[in-house]
Amino acid sequence: MFRSATKIVIAAFLAIVAVFSLTSATSWAAEASTSSGTATAPANLPAAARADDRPQVEALSPADRGLLQREIDDTISRSEPGGVQVSSNEIAWRGGKVVMVLPLPGVKQTPPDSPQLQAVYAKLEGAARSRGAAVVPPLPEADYHGCPRGDIVRWYCFYENRDWNEIIAGRRLQWSDPHCDDLMDFADWSFAGKTSSWVNSGHLEVTVWDINVHRIWTEAPNSLSAYVGAAHNDEARFFEACA
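The sequence shown begins at 1 in UniProt numbering and counts up one residue at a time.
Just so you know, these hints were derived from the structure itself, not from any lab. Quantities reported herein were computed from a predicted structural model and do not represent experimental measurements. Ideal placement from N, C-alpha and C gives every residue a C-beta, glycine not left out. Mixed in with the good hints, there may be bad ones.
As the list claims (entries may be wrong) - DMTMM-like cross-link-like pairs, simulated, lysine to aspartate or glutamate; straight-line CA separation at most 25 Å:
1) Lys97 to Asp188
2) Lys194 to Asp210
3) Lys97 to Asp64
4) Lys194 to Asp151
5) Lys97 to Asp143
What the hints assert, rightly or not - Estimated spans, in silico, between C-beta atoms of each pair:
6) Glu71 to Asp163: 36 to 46 Å
7) Ala47 to Gly193: 43 to 53 Å
8) Glu125 to His214: 16 to 26 Å
9) Gly95 to Gly193: 20 to 30 Å
10) Ala127 to Ala230: 36 to 46 Å
11) Asp234 to Val84: 19 to 29 Å
Full structure from sequences and hints, please.
In structure tokens:
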């Protein structure tokens, strides 16, 4: 009788241990599966950021996505009113005619423009065609380092770091419209004293001045520069773009 009771107690104990072990193993497997999968966008991000499914963005941790969003919010708050978040790292002003692209936290190469931003470019191209704008001459074959160039709408881009942000990731700020009668201030887009390289993919001539309104360089149409030089690095404050 005593032996039977002992066997029953031991059997019950072993059953409890087995259930506990199975539960622990199942829980660990679930956690491992979650941690090894692609990070999902935090629910508190704006819709434009949550919809950004580029692999480089989805690979960011929730903490890095939150950090990037704070940078976006801070840039919009300190720039010309009317900034609209296009994706996780892109902002547009003036109906898409001014665009800023931010680097991803901890990522060496900023990914190509999002489909959302490409849609903005397409809308501007369509509007230009509807106005009867002529197609500009084709560009020579070259690497324009992420600075967009349409059949009609061409852009001039300013990069935070030398070599067009391709060695050290940085911000890119770009315009498409001419600004010949109004001196543009980089400070209105939180970009004063930040330019190290540039691309001009269009037909406009771009002139850049420092804070004392001394001309520091001129960009010919369809030209680029990997480095503005030590004397002018991070000195750009104003510019104009004239046909």
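Inset, instruction - Run the structure past the numbered hints and jot down the numbers of the failing ones, going up. - result: 3, 4, 6, 7, 8
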